[in-house]
Amino acid sequence: GESVGLHLPTLSVQEGDNSIINCAYSNSASDYFIWYKQESGKGPQFIIDIRSNMDKRQGQRVTVLLNKTVKHLSLQIAATQPGDSAVYFCAETIGEYGNKLVFGAGTILRVKS
Amino acid sequence: NAGVTQTPKFQVLKTGQSMTLQCAQDMNHEYMSWYRQDPGMGLRLIHYSVGAGITDQGEVPNGYNVSRSTTEDFPLRLLSAAPSQTSVYFCATRGRTLAKNIQYFGAGTRLSVL
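Chain order of the listed sequences is A and B. Adding 196 to a residue's 1-based position in the first sequence gives its number in my numbering. Adding 432 to a residue's 1-based position in the second sequence gives its number in my numbering.
Chain A with its partners taken away, still in its complex shape (with noise of 0.2 angstroms):
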């Protein structure tokens, strides 16, 4: 995947909404969609996957959105809280048994208490 810059767009919401982070991908031939939460210092932390034959699966607090027409992908976190500030990346799985992850530039959350 092609960096998309430096800047990271970001998303700021207030405590106790909704929140949703979008996500472009490339590939048509990614059988699992992934979602990753990065708080700072850290190591990504899985949240969610959804596979390609799916439009929607919901976990708790979060729900992803799949589009495969638009090739495109969301993240919906309802009831925001402060502990959602990180960044999320949106990665698919490409190759032989979905081996190799690709993942986007990433999105900054942040939660205004």
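Among these hints, one or two may not hold up.
[What the hints assert, rightly or not] Computed, partial: chain B to chain A, Cβ under 7 angstroms:
{"#": "1", "residue": "Gly472"}
{"#": "2", "residue": "Gly474"}
{"#": "3", "residue": "Leu477"}
{"#": "4", "residue": "Tyr496"}
{"#": "5", "residue": "Leu511"}
{"#": "6", "residue": "Ser516"}
{"#": "7", "residue": "Val520"}
{"#": "8", "residue": "Phe522"}
{"#": "9", "residue": "Gly538"}
{"#": "10", "residue": "Ala539"}
{"#": "11", "residue": "Gly540"}
{"#": "12", "residue": "Leu543"}
Derived by calculation from the structure, the hints in this document are not laboratory data. Note that CB positions come from ideal geometry on N, CA and C, so glycine has one too.
Knowing the structure of chain A, use the given hints to seat chain B on it.
Just chain B now, with coordinates in the frame of chain A:
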């Protein structure tokens, strides 16, 4: 249960020096991988391994070597460090169960090459 342990946490090298970044896991995961993360960017895959004795290249393998002699360890070697290799390096593991998309990342090694 430590999960994924990376050492060192920080390292400063001079151009041309070599070093090995260590990654150890205690989850008996077969799959291990190395990523680098540059400012304002997502992670890029350097090398990965699907089991002991098996390694393969990722997106940005040049300048790095790996080996996988045991399930637990997956070291990353920089043969001759260059300033372009200044980055944060993450090791990750995953299993082969239904939760195979859940990769567990270490805390990272912050490397500066002067």
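Verification of the supplied hints:
With 7 angstroms as the threshold, the beta carbon of B:Gly472 comes within range of chain A, its nearest partner Cβ sitting at about 4 angstroms, so the hint holds. Against a cut-off of 7 angstroms between C-beta atoms, the interface hint on B:Gly474 holds, since the closest Cβ of chain A lies about 3 angstroms away. For B:Leu477, the interface hint holds, the least distance from its beta-carbon to any beta-carbon of chain A being 6 angstroms, beneath 7 angstroms. Annotation: B:Tyr496 was flagged as interfacial toward chain A, and the flag is violated, the nearest CB pair being 15 angstroms apart, outside 7 angstroms.
Hint on B:Leu511 is violated. Least Cβ distance to chain A is approximately 23 angstroms, over the 7 angstroms limit. Interface restraint check for B:Ser516: the shortest CB-CB distance to chain A comes to about 14 angstroms, outside 7 angstroms, so the restraint is violated. Hint on B:Val520 is violated. Least Cβ distance to chain A is approximately 9 angstroms, over the 7 angstroms limit. Checking B:Phe522 against chain A: minimum C-beta separation of about 5 angstroms stays under 7 angstroms; hint holds.
The restraint placing B:Gly538 at the interface with chain A holds, with a minimum CB-CB distance near 6 angstroms, inside the 7 angstroms limit. A distance limit of 7 angstroms between C-beta atoms decides the matter here; for B:Ala539 the minimum to chain A is near 6 angstroms, and the interface restraint holds. About 6 angstroms separates the beta-carbon of B:Gly540 from the nearest beta-carbon of chain A, less than 7 angstroms, and the hint is met. Interface restraint check for B:Leu543: the shortest CB-CB distance to chain A comes to about 15 angstroms, outside 7 angstroms, so the restraint is violated.
Hints 4, 5, 6, 7 and 12 from the earlier list are contradicted by this structure; the remaining hints agree with it.
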